[in-house]
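Residue numbers (the numbering used here), protein chains in the order written: chain A, 368 to 774; chain B, 368 to 774.
Among these hints, one or two may not hold up.
[Claimed, not checked] So these bits of chain B aren't anywhere near chain A, every CB distance computed over 10 Å: (1) Val-444; (2) Thr-515; (3) Leu-577; (4) Leu-717; (5) Ile-754.
[Stated by the list, open to error] Under the rule of at most 30 Å between Cα atoms (straight-line distance), these lysine-lysine pairs were calculated in the DSBU-like manner: (6) B:Lys-408 with A:Lys-408; (7) A:Lys-739 with B:Lys-617; (8) B:Lys-640 with A:Lys-408; (9) A:Lys-678 with A:Lys-658; (10) A:Lys-624 with B:Lys-408; (11) B:Lys-739 with A:Lys-408; (12) B:Lys-640 with A:Lys-640; (13) B:Lys-678 with B:Lys-658; (14) A:Lys-678 with A:Lys-739; (15) A:Lys-640 with A:Lys-624; (16) A:Lys-617 with B:Lys-408; (17) B:Lys-640 with A:Lys-617.
Source of the hints: derived by calculation from the structure; they are not laboratory data.
Beta carbons: idealized from backbone N, C-alpha and C, even for Gly.
Here are the chains, one letter per residue:
There are 2 protein chains.
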Amino acid sequence: MAEGVLTGMRLVEVSAFVAAPLGGMTLAQMGADVIRIDTIKGGLDYRRWPVTNDNVSLFWCGLNKSKRSVALNLDTVEGREIAINLIASPGEDSGMLLTNFPPRGWLDYSNLKERRDDLIQLTLMGDRHGASAVDYTINARVGVTGITGPSDINEPVNHVLPAWDLITGQMVAVGLLAAERHRRRTGQGQHVKLSLEDVALSVMGHLGFLAESQLGQERERHGNELFGAFGRDFCCQDGKRLMVVGLTLKQWQSIVKAMDLGEAMTLLGQQLKLNLSLEGDRFQARREIAKEVQRWVGAHTLEQAAAILDKHGACWGRYQSIHELVNSDPSCSPANPMFSHIEQSGVGRLLAPAIALDFSEVQRLPASGAPKLGEHTEQVLLELLGISHTEFGRLHDHGVVMSSSSN
Amino acid sequence: MAEGVLTGMRLVEVSAFVAAPLGGMTLAQMGADVIRIDTIKGGLDYRRWPVTNDNVSLFWCGLNKSKRSVALNLDTVEGREIAINLIASPGEDSGMLLTNFPPRGWLDYSNLKERRDDLIQLTLMGDRHGASAVDYTINARVGVTGITGPSDINEPVNHVLPAWDLITGQMVAVGLLAAERHRRRTGQGQHVKLSLEDVALSVMGHLGFLAESQLGQERERHGNELFGAFGRDFCCQDGKRLMVVGLTLKQWQSIVKAMDLGEAMTLLGQQLKLNLSLEGDRFQARREIAKEVQRWVGAHTLEQAAAILDKHGACWGRYQSIHELVNSDPSCSPANPMFSHIEQSGVGRLLAPAIALDFSEVQRLPASGAPKLGEHTEQVLLELLGISHTEFGRLHDHGVVMSSSSN
Numbered sequence: 368m369a370e371g372v373l374t375g376m377r378l379v380e381v382s383a384f385v386a387a388p389l390g391g392m393t394l395a396q397m398g399a400d401v402i403r404i405d406t407i408k409g410g411l412d413y414r415r416w417p418v419t420n421d422n423v424s425l426f427w428c429g430l431n432k433s434k435r436s437v438a439l440n441l442d443t444v445e446g447r448e449i450a451i452n453l454i455a456s457p458g459e460d461s462g463m464l465l466t467n468f469p470p471r472g473w474l475d476y477s478n479l480k481e482r483r484d485d486l487i488q489l490t491l492m493g494d495r496h497g498a499s500a501v502d503y504t505i506n507a508r509v510g511v512t513g514i515t516g517p518s519d520i521n522e523p524v525n526h527v528l529p530a531w532d533l534i535t536g537q538m539v540a541v542g543l544l545a546a547e548r549h550r551r552r553t554g555q556g557q558h559v560k561l562s563l564e565d566v567a568l569s570v571m572g573h574l575g576f577l578a579e580s581q582l583g584q585e586r587e588r589h590g591n592e593l594f595g596a597f598g599r600d601f602c603c604q605d606g607k608r609l610m611v612v613g614l615t616l617k618q619w620q621s622i623v624k625a626m627d628l629g630e631a632m633t634l635l636g637q638q639l640k641l642n643l644s645l646e647g648d649r650f651q652a653r654r655e656i657a658k659e660v661q662r663w664v665g666a667h668t669l670e671q672a673a674a675i676l677d678k679h680g681a682c683w684g685r686y687q688s689i690h691e692l693v694n695s696d697p698s699c700s701p702a703n704p705m706f707s708h709i710e711q712s713g714v715g716r717l718l719a720p721a722i723a724l725d726f727s728e729v730q731r732l733p734a735s736g737a738p739k740l741g742e743h744t745e746q747v748l749l750e751l752l753g754i755s756h757t758e759f760g761r762l763h764d765h766g767v768v769m770s771s772s773s774n
Numbered sequence: 368m369a370e371g372v373l374t375g376m377r378l379v380e381v382s383a384f385v386a387a388p389l390g391g392m393t394l395a396q397m398g399a400d401v402i403r404i405d406t407i408k409g410g411l412d413y414r415r416w417p418v419t420n421d422n423v424s425l426f427w428c429g430l431n432k433s434k435r436s437v438a439l440n441l442d443t444v445e446g447r448e449i450a451i452n453l454i455a456s457p458g459e460d461s462g463m464l465l466t467n468f469p470p471r472g473w474l475d476y477s478n479l480k481e482r483r484d485d486l487i488q489l490t491l492m493g494d495r496h497g498a499s500a501v502d503y504t505i506n507a508r509v510g511v512t513g514i515t516g517p518s519d520i521n522e523p524v525n526h527v528l529p530a531w532d533l534i535t536g537q538m539v540a541v542g543l544l545a546a547e548r549h550r551r552r553t554g555q556g557q558h559v560k561l562s563l564e565d566v567a568l569s570v571m572g573h574l575g576f577l578a579e580s581q582l583g584q585e586r587e588r589h590g591n592e593l594f595g596a597f598g599r600d601f602c603c604q605d606g607k608r609l610m611v612v613g614l615t616l617k618q619w620q621s622i623v624k625a626m627d628l629g630e631a632m633t634l635l636g637q638q639l640k641l642n643l644s645l646e647g648d649r650f651q652a653r654r655e656i657a658k659e660v661q662r663w664v665g666a667h668t669l670e671q672a673a674a675i676l677d678k679h680g681a682c683w684g685r686y687q688s689i690h691e692l693v694n695s696d697p698s699c700s701p702a703n704p705m706f707s708h709i710e711q712s713g714v715g716r717l718l719a720p721a722i723a724l725d726f727s728e729v730q731r732l733p734a735s736g737a738p739k740l741g742e743h744t745e746q747v748l749l750e751l752l753g754i755s756h757t758e759f760g761r762l763h764d765h766g767v768v769m770s771s772s773s774n
């Protein structure tokens, strides 16, 4: 079996939804052995939409690729004891737990630490007190919905991409890797806590939104316009759309050259008394610039514009639907070494991505599907806990464990 | 000085914009010594908006907290040689480079590797071939803009939060930590490549968007409605808004109890022949459910609704502006241990976030400001390269280095 950059590392995951499963999958796609523990009927997100006609969750499959699945009856003492033993199982590369369930009961850190003193547990929470919060409730609170969307509407605009979950998912991986590094150097495990709320609040600070507001500046709704530089969408002659960005001076000059706007921009800068080689000045002149750019874009089909913009190395992107992305974008196909077709049990043949990180000295492990629920219960219990086939049979007959054949 | 979980680790950063600086700052806020190398006049994003009245970039300050700054004239052979020596400087915890500049010239990995064989270099790119792409051009391409925003509009809706940049920034930290772990175990450095495009494409796969489209399902624009479960915004009696989410059964039951909708929902389920204890069925009944929820929300002020929803542990969030967030949300204040007030040079007193990760066995390092450009040039050259004060004076007089006093 091919080795990834994290091959050897082992993590137990007790999780649901986006951030925690994504954090675990990030490590799994780099070669870590990530063992999901679920209840026998599947966790909270086992049927999360989108689903197939057979009610198999494409969401769950997408976020649990390359993991192993152990299904236990966690309502029984015996089932919970098996889970604890898996979490505390020995090995210097093991002893890591990722969960977004409340760290109480069998997931209580102090109790687990008694079973393995150097345990690393990362607990993901809604807010820092452990209260319920999801991406969409946090997004409302941090104010982003009020500055998203067309500038002529007064209602909040939610995002569709659960951005906070996705950022948090990667921070989960960061936190586990940092704690594992600390353990390797000191022998010390620890409980790492992370909340979705704190991730969102910190990012609002990092991007300058909080500072801007503290200084009394209020960001307005700018529609599809980039803030602070030049960039927005334009409509081509054939009705197709593209996004054009002139953030750096080089990007701006590429646009000006590609569209032959040198003279017009010199004149415009003089008229407005602005220096269009500065990004802030381009933002102030964005409406006037946009008129000229629209005139050029509107006189070209998307393919014509694309050829000229690419020739000049301009920074632009075509608006396309997910259907177009999947069916006609070479980067979203096996022409991109990140992608391959996998056989996803319960679904069939799917194009699936491996990890986006490309390490020169270790192979990028190709994508592999999500497990069937309980697919690895017997394998993992035999391998990690030394449970015999006979004993496994007894546990199975008593409804403590669930095993699914792997076809 | 307090120790963070990564204290000892050293990284040289040559970067601009969001993702790469955020990746470096993530490590810096956990205690790593992150040394930014910039040109004497500042990099491409040194004046990025939002800016103060004095044209100090709040964006740049936000993304470069806790780093050291070295300013060099990179147009000179001598300046580039100093930069290379910093990148290749000895120490088992050093020898790491993060850049989103083209890995050519003095940033060419093979050349740098000749100076330090176990160098880890992470190069962030627009697309995997190194072509120009930014968050907003990628977002157009992956199709998210077509399913964001009010359902009655036909134009793309860009996001304001540069979600792809932010996810990528955390993946940068993941990639560096994974490569450093590999080096510690094998002695081997490597060149890690990551593109913004691949991050976005992989996430579209992970969330099931690509699979959904491959199976012939096309996601529609659902406005502020959550896809696949029950959740959307509602308007209170006082005109304030809140987001209510019933993703899990428990969350759904909390809403039903808080709003006393048990009977109405039983009736509705019977009428529609749907089982409202299933999230998918709640999505199908979302319009009818919303009518009942709106009736309840509309009969309460936000504060009244908040009290009742909190009493029942419901999952909800208030829509607020960034101004309200900064001025009246206790979580966005020093009442949250992640936040403290810092003195940001060139700006003044600002509320600033530390890292969101909270490690039980090491202190969370309090936020500290971004450096002044060149603030640490002399200190770093003396410390890492053993350059004398006299030699530094010569380099300074020849315009090879720039040093700013730290007040």
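Tested hints:
no., hint, in the structure
1, Val-444, "23 Å, holds"
2, Thr-515, "5 Å, violated"
3, Leu-577, "6 Å, violated"
4, Leu-717, "5 Å, violated"
5, Ile-754, "30 Å, holds"
6, B:Lys-408 with A:Lys-408, "60 Å, violated"
7, A:Lys-739 with B:Lys-617, "25 Å, holds"
8, B:Lys-640 with A:Lys-408, "24 Å, holds"
9, A:Lys-678 with A:Lys-658, "22 Å, holds"
10, A:Lys-624 with B:Lys-408, "26 Å, holds"
11, B:Lys-739 with A:Lys-408, "56 Å, violated"
12, B:Lys-640 with A:Lys-640, "66 Å, violated"
13, B:Lys-678 with B:Lys-658, "22 Å, holds"
14, A:Lys-678 with A:Lys-739, "48 Å, violated"
15, A:Lys-640 with A:Lys-624, "21 Å, holds"
16, A:Lys-617 with B:Lys-408, "16 Å, holds"
17, B:Lys-640 with A:Lys-617, "60 Å, violated"
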